[in-house]
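Heads up: the sequence lines are chains A and B, in that order.
Numbering-wise (numbering that gives the first Met the number 0), the first sequence opens with residue 0 and increments by one.
Numbering-wise (numbering that gives the first Met the number 0), the second sequence opens with residue 0 and increments by one.
If you're looking for bench data, these hints aren't it; they were derived computationally from the structure.
Some hints could be false.
[Said to hold, decoys possible] Here are some chain B residues the structure puts well away from chain A; computed CB gaps all over 12 Å: (1) 23; (2) 84; (3) 168; (4) 185.
[Stated by the list, open to error] Far from chain A by the CB rule (all over 12 Å, computed), these chain B residues: (5) 43; (6) 106; (7) 220.
[Unchecked claim] Examples of chain A residues toward chain B, derived with CB under 7 Å: (8) 93; (9) 96; (10) 122.
Quick caveat, the model's predicted, so the values are computed rather than measured.
Even glycine gets a Cβ: it sits at the ideal position worked out from N, Cα and C.
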Amino acid sequence: MKDMNAADITGEYREAVLTFHSGSSRKVFYTEIESPMPDGRLIVSRTDLNGNITHANAPFVDMSGYTRGELIGAPHCILRHPDMPAAGFQDLWNTLKQKKKWHGYVKNLRKDGGFYWVYATVIPNIRNGEVSGYTSVRRRPSKTKVKEAEALYRTLE
Amino acid sequence: MSYTFTVSPDFNPDLISGWFFFNTWLQKNLNEPIHLELYNDFKSQRQAIENDEIDLIYANPFDASSLVREKGFIPIACPDNASDEAIIALNIDSEISNVDELQPGLRISKTDDPDVNMVCSLMLEPANLDTQNTTSSTRATYVLVAKDLITNNADVGFFLADTYLKLSEITRQKLKTLVCSDIHDIHHLLLAGPKISHKRDEILENLLTMAEHEKGLGVLKSLGFTKWKAVEQEDTEFMIDLMETLES
Ligand SMILES: Cc1cc2nc3c(=O)[nH]c(=O)nc-3n(C[C@H](O)[C@H](O)[C@H](O)COP(=O)(O)O)c2cc1C
């Protein structure tokens with residue numbers, strides 16, 4: 000995946016190199032600027048079996064800071080934030096592989112280097128008994144739950 | 000053979016005559032007898048569905064799931080640009096201006112509209128509120144939910160956004176919106192049951208060209224729609240996946 004572009008970043012930033020499950024890596028720039036999810040917003044996305052985005056609703060486009068064109072076809076880890084432990088995503092994929100629903104608190108990285116927390120649910124889409132892709136809905140988490148997740152994820156890094 | 004058509008009970012009461020016009024228009028165009036049966040609540044409609052008494056239904060997204068996955072209904076069309084959003088409203092004098100300010104013990108007034116209740120419950124999550132630390136009363140109509148707010152019998156009310164926005168001026172003035180959902184991807188749709196599914200394409204063709212004829216256009220207007228758009232099986236499966244994702 001392409002590295003982030005420093006020209007897209009708003010505000011003071013730090014740099015990190017993320018290594019993905021696939022072995023590929025990406026240089027990211029991130030700031031301490033939070034864009035809280037507005038109340039009532041639901042982010043909807045769908046991916047193919049490999050986690051490449053196939054559908055993005057308007058709130059998703061808006062919150063991520065990317066254009067719809069940039070999101071469609073991109074791997075979902077385009078949102079991966081350096082503060083998210085790999086173990087969380089391992090659990091997500093393990094759960095999905097068992098054709099089960101996954102829930103979790105996720106800190107996402109925006110194109111402009113900022114972040115937003117979500118409570119995410121992901122389910123496998125089953126057609127004629129086979130998994131054909133995945134659907135995810137994300138919503139605003141409670142502040143106490145985010146604090147708990149932050150503390151937990153620091154211990155998992 | 001005669002067919003039975005019904006509409007999800009959460010429709011706006013102002014549109015009753017619109018649905019009767021629609022039914023008449025459809026009968027003429029298909030040249031088949033179709034009877035419009037409207038139910039007062041979800042319970043009686045579900046019973047009719049269970050008894051296989053329904054052939055055509057303008058269903059809400061929640062009921063569409065079981066109709067498609069359990070009863071073998073197939074999607075036909077939905078109004079263009081339609082999306083079902085939900086609103087949590089308050090008494091105009093309430094001091095609450097943000098979901099985070101809501102406290103345990105919250106009194107909720109709602110209808111038995113399943114998708115609205117689900118989405119509104121999600122919107123209370125950021126305040127750590129759920130069925131354990133709130134109480135709720137279920138009313139027969141949204142008008143009665145509004146009344147609960149006005150008389151301070153409830154702290155918040157759950158509404159279908161379309162219906163809330165069409166409450167009478169006098170009622171609206173006494174209420175305010177705390178939060179409105181912003182989902183875009185779920186909506187009501189017209190479904191065909193097994194007995195009439197062989198006519199699905201014919202019905203669809205009629206719906207898609209409805210706006211081109213004076214009569215059809217008038218009927219569309221009476222329903223507050225601009226036009227219909229085709230819904231394919233996969234579109235519906237997607238919406239059902241979404242509803243499943245939301246049901247925690
Ligand atoms: C439907 C779906 C939605 C996902 N949403 C996110 C997300 O919002 N943020 C994120 O970092 N990863 C998300 N993931 C997980 C990524 O695919 C990926 O596993 C993760 O970013 C970590 O990267 P890695 O598994 O390649 O190491 C999602 C996966 C699926 C299937």
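TODO: Report holds if the minimum CB distance from residue 43(B) to chain A is greater than 12 Å, and violated otherwise.
DONE: holds, 30 Å
Open item on the list: Just want to verify: residue 185(B) was marked as not at the interface with chain A; is every Cβ pair farther apart than 12 Å?
Closed with: violated, 9 Å
Task: Minimum Cβ distance from residue 106(B) to chain A greater than 12 Å, as the annotation requires - done: holds, 20 Å
Task: Nearest-CB test (12 Å) between chain A and residue 220(B) - done: Holds, since 27 Å exceeds 12 Å.
Open item on the list: Beyond 12 Å on every Cβ pair: is that true for residue 168(B) relative to chain A?
Closed with: Given a closest Cβ separation of 24 Å, the condition holds.
Task: residue 96(A) as chain B interface residue, shortest Cβ-Cβ below 7 Å - done: Constraint on residue 96(A) not satisfied, violated at 17 Å.
Task: residue 122(A) as chain B interface residue, shortest Cβ-Cβ below 7 Å - done: holds, 5 Å
Task: 12 Å cut-off, C-beta based - residue 84(B) kept clear of every residue in chain A - done: Nearest chain A Cβ is 8 Å from residue 84(B), so the label is violated.
TODO: With 12 Å as the threshold, tell me whether residue 23(B) passes as away from chain A on beta-carbon distances.
DONE: holds, 36 Å
Open item on the list: Quick check on the hint: residue 93(A) CB to chain B CB, less than 7 Å?
Closed with: The hint is violated - residue 93(A) has no Cβ within 7 Å of chain B, the shortest such distance being about 18 Å.
Violated hints for the displayed structure, listed by number in ascending order: 2, 4, 8, 9.
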